[in-house]
Amino acid sequence: MIPEISIYEILTVTSILFFIGVYGFITRKNLISILISVELILNASVINFVVINKYLYPDMLQGVVFSLFIIAVAAAETALAVSIIIGLYRQISSVEVKDVETMKH
Amino acid sequence: MDILSLFILVPIITILALVFTKGLKQARIVSMIGSLIQFGMAINLVFAYFKERATNSDIMVFIRDVVWFKDFNIHYNIGVDGISVTLLLLTAIVVLAGVFISWKMKDLPKEFFVSLIVLSIGVYGFFISLDLFTMFVFFEIAVIPMYLLIGIWGTGPKEYSAMKLTLMLMGASAVLLVAILGIYFNSNADGGALTFNILEIAKVNIPFEVQKLFFPLTFIGFAVIGALFPFHTWSPDGHASAPTAVSMLHAGVLMKLGGYGVFRVAMYLLPEGAQYWSWFFIILATIGVIYGAFSAIKQTDLKYINAYSSVSHLGLVLFALLMLNKTAWNGAILQSLSHGFMTALFFALIGMIYERTHTRDVRKLGGLLKVIPFISAIYVIAGLASLGLPGFSGFVAEMNIFVGAFEHEDMFYRIATVVSVSAIVVTAVYILRVVGIMLMGPVVNEGFLTLEKVTWYEKLGILLLLIPIVGMGVAPLWLSDMILESLHPFIQGVL
Amino acid sequence: MDFSNFLLMRHEIILLAITLLLIVAEVFIPQNKKPSIVHLAILLFGIHTIIGFLPATDGNLFGGMFRTNGLIHLFKNVLNVGVLILLLQSADWLQEKIVRQNKGTEFFILLFSSLLGMYFMISSGDFLMFYLGLELSTLPVAALAAYETANRKSSEAGVKLILSSALASGVSLFGISMLYATSGSIYFNDIIQMITSTDLTILGMILFFAGLAFKISLVPFHFWTADVYEGAPISIASFLSVISKGAAVFILMILLFTVLKPLMHVWENIIYVVAVLTMFIGNLFALRQQNMKRFLAFSSIAQAGFILLGLIAGSQLGTATVVYFVLIYVFSNLAAFGVVQAISLQTGKENINDYEGLYRTNPNLSLVMMLALFSLAGIPPVAGFFGKFFLFTAAASQGYYVLVFLAVVNVTISLYYYLLVVRAMFLRKSDNPIPFFKNKIYMRLGLLITVLGILVLGLYSPLYDYIYELSGIFN
Amino acid sequence: MNFVNIILIPLVPLAVFLLLGIFNQKIKPSVSGYIGVAGLLVSTLLSLNTAYQYFFVNGKADGVYQTFVEKTVWMNFTDTLAIDMGVQIDPISVMMLLVVSIVSLMVHIYSRGYMKGDDGYTKFFAFLSLFSFSMYGLVLATNLFQIYIFWELVGVSSYLLIGYYYTKPSAVSAAKKAFIVTRFADLGFLIGILIMGFYTGTYDFETLNNPEGSAILNWASTSFMGLSVLTWALILIFIGGAGKSAMFPLHIWLPDAMEGPTPVSALIHAATMVVAGVFLVARLFPMFYFVEEGFALNIVAYVGAFSSLFAAIIAITQTDIKRVLAFSTMSQLGYMMLALGVSGYEGHEGLGYMASMFHLFTHAMFKALLFLCAGSVIHAVHSNYLKDMGGLRKYMPITNITFLIAALAIAGVPPFAGFFSKDEILVAAFEHNKLIYFVGVFVAGLTAFYMFRIYFGIFWGKDTKYEHKPHESPISMTFPLLFLALLSIIGGFIPFSEFVTADKAGFEAHLNYPLAAIAVGVGLIGIALAWIFYKKENDLANKMVNFFGPVYQWTSDKFYFDEIYLFITKKILFDRVSAPIAKFDKKYVDGTMVGIGNKTVLTSEKIKGMQSGKVQDYAFAFIAGVVIIALVFIYLWTD
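Those protein sequence lines, which keep their order, are chains A, B, C and D. Just so we're aligned: the first sequence equals residues 7 to 111 in this note's numbering. Just so we're aligned: the second sequence equals residues 476 to 970 in this note's numbering. Just so we're aligned: the third sequence equals residues 175 to 649 in this note's numbering. Just so we're aligned: the fourth sequence equals residues -17 to 621 in this note's numbering.
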């Protein structure tokens, strides 16, 4: 709860964050950096939850709790993703996104 | 078990029996027995019907109504009137004849007969059901086996023809489905419950706007299988590629579903829509009649000739149905029957000729009367029947249609009638052309001199089909009266 | 709270127990006995499935985070049956995996935890539980998609799935946050009271919807489907296309009909558009597929499009028809995948033209396949026809005749490509057809059940009536 | 009347037909011949009995011949319209019974000799019986639809008999032509029937023909394009009759029909079937006469007159004796038509009607005789062409005599039958329409000329050398000749006007000597000319040919009518209509249906790029989808 910053600024920031993540996801060449962009997207929503909770509905902690869970799940997700990517790397020794286009049409 | 459900049950049992058969001999015996029983039941049904009719004056008799899906108010609801009885008889005869004709089916005989009988189940069910949903189910059951029957046992570009036939008919049934749903959701127009029951819906007066919207869908949905111009193109290719027995069932029975459906559903449930649209479809039907006849002239493949003549003859059925009067409708039903027997007979004969000479190209044939007199003579008779010679069923049907159509008070309809009457000359042209080239004249091919004479099972098949043709032609009174009195309620419903 | 309430979570608890037990077994069963773990798993899960059918009571737990009722219970059973069939069909494949690559147990563990996730997802009472369920059901599948570590395609499938699903869940989380912002709660019951049709709510709903549409693989959120199906092991492909899709459809339906009911005037249009797109795109792509897995992938996309016709009704009729259709779809699609599985297991062939002349060598398999395809295409008298017809009825009941018409056009298109497979199996004669082979008992059992389902479910009307009265709950 | 006997008349031949037709292979030829003859004999006796009963015992009531009808419903159309099957006994039907019976019997007997040794012997007799059955049914018909039914049946039996030598392409095409041309005419007939039934509400001749009946009285009630609909109906029906009776321009089938065996030509294409048209007009005569002051009747008259002239001219130049006879038949039929056309109704006014029927009767006899003679000649020399004949009188005296008698009869030389009937016709024409009268007289002359041309050509003229000597035909063939010759001699003395008249009340007909004299004179001139040209072998004929040049060419080519028809059917109908339709069907109608399918497949090929396999493209599509949906449903589509 920061007095001189209204919820709108923060939500704007999170939205920008979200779209940065999306942009990164779409443009990065490297699978790992795509993962990072995903993290950005998730974090955008995490911040959303916390901020909305704090600014709008301060009497309950649903948003905050939610955000904790999101963080945890995100960690698991990343771990799994990285392991799969490593599995891929073992075969083609590359984590370039252009190397995962064998199946198409 | 009531007398009608047996028409579904017996084929199913036959199929189950077929599953355990080995080889051609057992398969054909089993299916022959099955269709013989069916045939007997059909005959019996006719008498039972007369007995029932004497006491019972409902629109439909032998009604059996079992709730199926109660939330949709879907019932397994069956019953017959004079019209469906005759059509059931037609089906039974054609199927039996078909079994005889395919006596020597070499490749996968068991599967062949199974699919054949599945098809017949669909047809029987369609003719007896009084519930739109059940009707639709049987309709599709009747269509799908055609794909395998043509695709596996056919000749020529069979895969193409089979696919085309199936898709066009299924597309039609898709349109039909929309129409059926439309009728269903307006069946409570008078505040009753939603229902698929034809007799119930007929009592409801569905709003004119709705009828105007859904009649064309219903009509086209059914008429495609009745080879309505310009949706007829599935039938020539389908016929040409199909094996003999299938062509017989296809032209003899399956295409009747169209006319019957139009009559039972489109005309009966949406009468105002029918009146509103009839002029338009009359034009299509008339074109079909003339067009089919003319394009038959130029064909060289026997099966194509008959396919196009079917387009012409069945165009006449739709034409008559659209005239919305009793005589014409009577003619339409009679025409369905007579065309059923005639084309079945034609295709049977063509099949025999093809089996012996290995060609269906008229230009390669000649002088068959000398070498296979029986088949050829029957072919001539069938030809004469199909060009509407008195003494055969075709004449009776066509005269009913023409007289009935001419009774229409609107000049436009009478002119249309005159136009379609002129088809009888064109018919004569293409029939006699084939007879002249193929049967008469000198024997063109030395090989023909040693052709195998007709066999007993072929004779049986032929006679099965020939007798009704002559019977209807010589003494039409009982049949046409039976149909006429079944038509009364419908006429009251429509007009 | 007294512990009898935990009986409401019967499914979840038992499944959890089974999973843990399998982990323990993995530790204790000696190497040479490993294959028997398959029998164990199937046995246990079979028992679990049967127990599932015992009558259950409705109720909530954890202050409404977890709720269950007759329909949800029924649906969990449907999922169980599906998974059981799937296990039966993939048993042989797993055994040889175990023998050759010494892996297998984790398959069950991952599969079951994913199923557990779905349980939680469909009986979730708030967005948190929903989110957890969603993730729990997605992530293990991603791992399973990459199961064949030796196979590049498999890993690629895994990568594509995990990344896309991460994005999807991110987006839908963002949406959920917006819904939270407007309604001030993550509990469905509270949201129902609070929700109003503001732009932010609609935006939130759309974002959230995208997340589920991704799992159901609706256009334009479907692209991952074909690639993942093709790369992943067949069992996983069929798991994705049947079980997870079914679960997602179910929860989407619940949310649309309850929480988002006030926004119906919006989402019915969205669904209209998406349905049309999905049916056409799915069918058009399916037309030209050669690989059976890809083929089924697109066909399953198209099927999802049909399902939306039930959702759009937004009534008890809609609920009933959707559940009924999904139930039938489970059997039909599993049958199709089962045959593909069996053949690819024996010969490694997965292309349509490999199936040429199949009927003459393996009539039974071909017949099963034909039934399955007819059921998917909606040909009477097999179950699929009834499912589709009722879906169309549901749509028509709201006056969407045009939509129904487009749908039946698509039925015709789909019939074309289903018949292409039938053509290959029945019409064509091949010079080197797939030789005759006999399936192992599990596979046969798996196929048998599906065939029975396809034949019986449609004609046996009381089942539908039962579903229909259960469906009253959400309206 | 005893209707059982009458109904048996058609049924016996039918039974014979079924018997011979079904057991075709089993029965041996000689037997089948006897069966056929026996069957016809029974019918003949029954007919004679009927005729006697009707004309002399119980037919008349207060001076007018009654009409007896016995019928039963065959099929119901509407509440009013139905097809009945039955027998109608009145003067013309009884008269026709006699004609058909006698000629048919003679032909049956004759055929036993003529067709001996032909491998289709049984089939032949089966067809003959079928024809006799149909013809009886036709003449006994009680209503338009029944007559139409048997009309078609005689048509088909004629088709079968013309195509009897079915391995001969010419025979096949002739049969086809005959059937299709008549079928085309029947189209008119059928439409006529439809109109008639629709406006009068009945098909029964009794009701239609009743001069006080509603049908005739209200003829003016509805009109179409300036004419009463009934007139249209009658014209259309007459087209049907014209087709069967080979009236111009529907005559083209008759000459080709000579491809059939000669007895067939004698029976069907000379004596019985071809007069069906005349019979039909006579059947509906009251309608023709009363409706719109006989507008339709005039058409009948002029068509008849023109046809008779036209045919007579062509007959002169033909070299195939059967074709000469065919055209002569056509010309005589024209005579009958014009006679009906100029006839009145009441009493002596109805002379033309009576004369027409009279001529029908006598013509049946002598024309059948002519054909049978021709047959026996052809039998002897195995050729139809005059050039192969000559001087046959030495070899076949009986044929020679009988042919001469027949020729004299047709030339209208007293006291032979033809003289009387022809004279009555000319009188009737003279009283009503001078133009037609002159045509008639001219035709009479031409008839005498061409008939004696072939007579001399066959039996006199050059002495052709025959490789094997021609001989007189066996008794089975000569007996019919003699019998018919007898009838051709005495037939004329029957007081026809007592029996067969338009109003069914007999009247006193007497020769009109001046007119008779003119007619006979013209006839004799014709004969004389023929004598000069063809009695002795000389080159006068060729001189004439050269003199006329092109005209001769046209006539001998029958004014190119076959070619015209051929052009219309082959070039226009087949190539300009059918072929395009067939092509259109394949190309466009079918093309569209197939095209829809191909387009779908093509589209799916086009859009495959969407599935690019790049996970980032998928993500982009995902986000784009979300954004677009959001924009659309938040800003555009907000209802």
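These are calculated hints, taken from the structure and not from any lab test. Among the clues, some could well be false.
As the list claims (entries may be wrong) - Simulated crosslink set (DSSO-like; lysine-lysine; CA at most 27 Å straight-line):
1. D:LYS590 with A:LYS35
2. A:LYS110 with D:LYS8
3. D:LYS8 with B:LYS839
4. B:LYS845 with D:LYS553
5. B:LYS839 with D:LYS596
6. C:LYS612 with A:LYS110
7. B:LYS934 with D:LYS8
Claimed, not checked - Not everything, but these chain D residues come out facing chain B in the computed CB check (under 8 Å):
8. VAL51
9. VAL55
10. GLU134
11. LEU135
12. VAL138
13. LEU169
14. TRP214
15. ILE217
Every residue, glycine too, gets a C-beta built ideally from N, C-alpha and C.
Does the nearest C-beta of chain B fall within a distance shorter than 8 Å of the C-beta of VAL55 (chain D)?
Given a least distance of 7 Å, the restraint on VAL55 (chain D) holds.
Cut-off 8 Å, beta-carbon criterion: hint that TRP214 (chain D) touches chain B
11 Å, violated
Pair hint LYS612 (chain C) and LYS110 (chain A), alpha-carbon separation not exceeding 27 Å
34 Å, violated
Between LYS110 (chain A) and LYS8 (chain D), does the CA-CA distance stay at or below 27 Å?
Roughly 76 Å between the alpha carbons, so the hint for LYS110 (chain A) and LYS8 (chain D) is violated.
Hinted pair, alpha-carbon criterion (27 Å max): LYS8 (chain D), LYS839 (chain B). Please report holds or violated.
Given pair LYS8 (chain D), LYS839 (chain B) is violated - Cα atoms ~32 Å apart, limit 27 Å.
VAL51 (chain D) was flagged as interface toward chain B. Is the shortest Cβ-Cβ separation under 8 Å?
Since chain B brings no Cβ nearer than about 19 Å to VAL51 (chain D), farther than 8 Å, the hint is violated.
Restraint satisfaction for GLU134 (chain D) [CB to CB of chain B, less than 8 Å]:
Interface hint status for GLU134 (chain D): holds (5 Å vs cutoff 8 Å).
Chain B contact restraint on LEU169 (chain D) - CB to CB distance below 8 Å:
Where the cut-off is 8 Å and the nearest Cβ of chain B is about 5 Å from LEU169 (chain D), the hint holds.
Taking only the CA atoms, is the gap from LYS839 (chain B) to LYS596 (chain D) under or equal to 27 Å?
With a Cα-Cα distance of about 60 Å, the restraint between LYS839 (chain B) and LYS596 (chain D) is violated, given a limit of 27 Å.
Pair hint outcome, LYS934 (chain B) versus LYS8 (chain D) [Cα-Cα no greater than 27 Å]:
17 Å, holds
Given the proposed pairing of LYS590 (chain D) with LYS35 (chain A), does the C-alpha separation stay at or below 27 Å?
Between LYS590 (chain D) and LYS35 (chain A) the Cα gap is close to 24 Å, so the pair holds against 27 Å.
Does ILE217 (chain D) pass the interface hint, meaning its C-beta sits closer than 8 Å to a C-beta of chain B?
14 Å, violated
Hints 2, 3, 4, 5, 6, 8, 14 and 15 from the earlier list are contradicted by this structure; the remaining hints agree with it.
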